[in-house]
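Just need the whole structure built from these sequences, with the hints factored in.
Residue numbers (full-length UniProt numbering), protein chains in the order written: chain L, 1 to 797; chain R, 1 to 158.
Honestly, the hints are just simulated from the structure, not real lab data.
For each residue, glycine too, the CB sits at the ideal point set by N, CA and C.
Treat each hint with caution, since some may be false.
[What the hints assert, rightly or not] Sample of chain R residues at the chain L side, in silico, Cβ under 8 Å:
1) Gly42
2) Val47
3) Phe104
4) Leu136
5) Asp143
6) Val146
7) Ser158
[As the list claims (entries may be wrong)] Coverage of chain L stretches by chain R, computed from C-beta distances (three or more under 8 Å per stretch; other residues unrestricted):
8) 32-45
9) 508-520
[To be verified] Subject to a maximum C-alpha distance of 35 Å in a straight line, what follows is the list of computed DSBU-like cross-link-like pairs (lysine-lysine):
10) L:Lys570 to L:Lys601
11) L:Lys12 to R:Lys147
12) L:Lys12 to R:Lys155
13) R:Lys147 to L:Lys436
14) R:Lys147 to L:Lys448
15) L:Lys601 to L:Lys497
16) L:Lys601 to L:Lys101
17) R:Lys155 to L:Lys41
18) L:Lys497 to L:Lys619
19) R:Lys155 to L:Lys436
20) L:Lys570 to L:Lys619
Chain by chain, the residues run as shown.
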Amino acid sequence: MTIAEPVHNQRKYVGTSVRRTEDPRLLAGRGQYIDDLTVPKMIEGAILRSPLAHARITNIDVSRALELPGVFDVITGKDLAAVAGQQPVIWLPIPDQRLAKTHALAVDRVRWVGQAVAAVVAVDRYVAEDALELIEVDYEPLPVVADLEAALAPDAPKLYDDWPDNVSGSHSYKTGDADAAFASADLVVSGSFTHGRAMGCPLEPRGCIVSWDSFSDTLDLWLSTQAPNLARDLLAEVFEVPVSKIRVRTPNLGGGFGNKFDFYGEEIIAAVLSRRTGRPVKIVEDRADSFVATGHSRDQRLDFEMALNNDGTIVGLRGISYGVLGGALSTVGAGPCWASVLTCMGPYKIPNLDVTVKVVMTNRAPYGSYRGWGAPKGNIVHERLIEMAARELGMDRAEIRRKNFPAPEEFPYFSGAAFTFDSGRYADCLDLAMSKVEELGWRERQAKARAEGRSLGIGYSFHIEPSGYGPSRIMNLVGLQHSGFDEATVRMDSVGKVTVYSGQINMGQGTHTTYAQIAADNLGVPMEDVVVVTGDTDSCPYTGYGTGGSRGAPLGGASILRASQRLRGKILRVAAQLLEASPDDLEINDGQISVRGTSSKSVSTRDVGDAAYRRLLDKLPEEEMPTLEEVDVFDPPNMATSYGCTALLVEVDRETGMVSLLDCLQAHDCGTVLNPMLVDGQLAGGLAQALGGALLEELVYDDEAQLKTASFMDYLLPTAMDIPPFQFFHQETPAPDIPGGVKGVGEAGTIAGVSLVASAIDDALSDLGVTVTRFPVTPPRLLDQIREAQSRKEGSA
Amino acid sequence: MSDSQTVSVTINGHVYTADCDPRLTLADFIRHKCGLTGTHLGCEHGVCGACTIMVDGRTARACLMLAVQVDGSTITTVEGLASGNELNPLQEAFWDNHGLQCGFCTSGMLMCATELLEENPDPSAEEVREGISGNLCRCTGYDSIVKSVLAAAEKMRS
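This is the structure in structure tokens:
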């Protein structure tokens, strides 16, 4: 099924499963993560966090903490607010949204459990934590808004006194005439879907080391971030210092998953402490910090209905997507909840849309970025509703999907709400997945198990992944206060070796390998000759946004590709002088340049490097500037929409409500596949996160908005026993607007995997007519549904 | 603190001796006193397994032990697996099979799999899954780790 479509001249590395250049040092324990770094004179901080979800701070006494030997400084919100602005919010997709902003340390009121109220810096973390226990804070408790229903109640306590209620904002997208479509439709299916709170939960907690040199007025950071350029710009905003005075370096990241995209208060707190003490300050979360201080996500209720004709054609979709925000906005504000509405039509042509996002403040932790952003929830809407419709109409689940796809020739296809999908062969991808399910004999396994009285189900999910965020001006138009382009520098040195500099961050996805593949192929040099440098705002170029929105491969890759192609032109021009030939007649292979079709005479990149940097006389053409370097900035004309069809085989235990995942496959199209092994790794990892989110993971708040699942004993990440084996099948439809044809792939699995589990459970319990609408589908929740369905069935029998 | 104790321990063949507070965890001793930062801390409550090391030939969670408990012990950390610049067969298999992404859980995964293969040189995929089920990985979805361990087992048997 893979269609080989040549994207550029030679493809020695691109498209092959090259082993990662990153791996040997990581395998040897030589990686350097944030907590592995020390800088001279460094001291360590710790944060005192609110034990209450909503309260006024009436007094803070830090005197005993300051007296503890080994303590350098203690600060409160008042100290911080005197020198730092509020935490920035870059996503403002809802017009006239009320903005709940806050300082890095609470000044006079706390609005969630875990909100930072004071910070200590001491000789080491042990002493800093001792000192936290000596800080006395007086709180005057306020009524708590623990969840969405409480926040929307007519007499709800307000989080912000000068607001009329707890609604931060809402915004609708309308296309066609949804009301008329619903009035004349043959069938309307509806559901209220909820996804509990979850988080990206990288295994490495966040951290920073900040040095504020007051004598040169420079700010030097090591920061575990996916977005160093953004962090630098936001630090400049908060402290009103020039960007040029700030350097952000990023060490190895122990996973990011969006959680390390956002800009957090800890980097501001550490900066203030460093400025006051004159010492570099390290603050690294422990897991207890992380559960309340790193972005939560997913928390949404989606009330939607879909209108169809009897032949299965979808004619309308309408509904409200509620975002359960926390006590203040994170860096990305309402962004992820907004994106759930932009993706709720999924891969289907729906002529009449009336969809609304409404975001509401609660006394929960702030809502931040997590891989997939809003798309996993958008996917729940369209995939749950289309399966419910198939059941009502007695149609095959694949058939009804196929019926509503845009045909390949209908692209670029406007979704009806902001996004235009660039290209796709959706039906082919669906067919590929279905054929693999057949080949692998899942239906036979299901039939055999059913004959034995076991409940096996096959689930499907078709997902779209808007990737390569995004065209800068369009991003600005929809509310992003930042850009979306990507810049790269490709340099060949005096001995003919190559260094690629990118503003993208390597957080485990393997961009140092894929970037080297792209550069090597487009320059015509061996991959071993290419070094990739990222993670330093002083030496690496600017990237708009950062490493998020599945943009590392399509946008980071495209700028490297274009810079490499131009540099190759210059290399050939210099070589032409050395070979006394025309550049047009030359080719470069494995770093050797010769006249095409002959092997008699050649020069190497080493010769070219020498001519361009050192011994120019008679070698470097007069009209050429010395050195070999090209810079490219790629601002995409459109996003690149990946897609896939995923299938899952599950077994449901009707006695316990336990769901076992037996097998999983995905047919996927991310355009040009740079490295199949790494793409499969992205797909598998994302799916595992979604499967965990669908079945196990939930940040549970009680009525007082106390977080009940703040350790790995209670917040259950999936283990190797929970996750099934995966198989992936690729279809390549090159992205028309991205040089190289690459579409993003980082978020595919997280988008596809949640509705997928519901689909499989429904199928396993088809005789009972169960429809899963609430995630995670924990055993008690599913058992309730099974028992209810059983008694309903018995009642009607 | 005044009641510090001297701890002497052999790690990857080197003897490290240091004065430590009784409350110093073994993980912090290894990372801060010995400079061996390959042992990672993911949760500090004994669930994630990133800090898994070998103490006297058995895996242990360095975050759940105190440095004073291992006085006189012999410890292997991830830095002790390779010989010079040569990765061992298990590390090679992880490299070949994309058994790691961010690399943070990898140290603990490798130590856990080392013990697993010592005890069972020819494990089934199910046995590998069970064997590594006490170590969390957030990047890979585990399948490539299972493949890596199986590939290493095959190579080490031949």
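Going down the list of hints, with the structure as the test:
Taking 8 Å as the C-beta cut-off, the interface hint given for Gly42 of chain R holds, the closest approach to chain L being about 4 Å. Hint status for Val47 of chain R relative to chain L: holds, with the closest Cβ pair at about 4 Å, below 8 Å. Because the closest C-beta pair between Phe104 of chain R and chain L is about 3 Å apart, less than 8 Å, the hint holds. Checking Leu136 of chain R against chain L by beta carbon gives a least distance of about 5 Å; that is within 8 Å, so the hint holds.
Proximity of Asp143 of chain R to chain L holds as hinted, the smallest CB-CB distance being about 5 Å (cut-off 8 Å). Taken as an interface hint, Val146 of chain R checks out: its beta carbon lies about 7 Å from the nearest beta carbon of chain L, inside 8 Å. Taking 8 Å as the C-beta contact cut-off toward chain L, the hint placing Ser158 of chain R at the interface is violated, the least distance being around 21 Å. Counting residues of the stretch 32-45 of chain L whose CB lies closer than 8 Å to any CB of chain R gives 4, which reaches the minimum of 3, so the coverage claim holds.
Under the rule that three or more residues need a Cβ within less than 8 Å of chain R, the assignment of the stretch 508-520 of chain L holds, with 3 such residues. Of the pairs offered as hints, the one joining Lys570 of chain L and Lys601 of chain L holds, with about 19 Å between alpha carbons and a cut-off of 35 Å not exceeded. Annotation: proposed proximity of Lys12 of chain L to Lys147 of chain R holds, straight-line Cα distance about 26 Å (limit 35 Å). Pair hint Lys12 of chain L plus Lys155 of chain R holds up; C-alpha atoms about 28 Å apart against a cutoff of 35 Å.
Note on Lys147 of chain R and Lys436 of chain L: the hinted pairing holds, with a Cα-Cα distance of about 21 Å set against a maximum of 35 Å. At most 35 Å may separate the alpha-carbon atoms for a hinted pair to count; Lys147 of chain R and Lys448 of chain L meet this at roughly 28 Å. For the given pair, Lys601 of chain L sits about 21 Å from Lys497 of chain L by alpha-carbon distance, which is consistent with the 35 Å threshold. At roughly 67 Å between alpha-carbon atoms, Lys601 of chain L and Lys101 of chain L are farther apart than 35 Å, so this suggested pair is violated.
Taken as a hint, the Lys155 of chain R and Lys41 of chain L pair is broken in the structure, with Cα atoms around 47 Å apart against an allowance of 35 Å. Between Lys497 of chain L and Lys619 of chain L the alpha-carbon distance is near 18 Å, which keeps this suggested pair within the 35 Å criterion. With a C-alpha separation of about 31 Å, the suggested pair Lys155 of chain R and Lys436 of chain L falls inside the 35 Å cut-off, and the hint holds. Taking the CA atoms of Lys570 of chain L and Lys619 of chain L, the gap is about 13 Å. The hint holds against a cut of 35 Å.
Of the numbered hints listed earlier, those contradicted by the structure are 7, 16 and 17.
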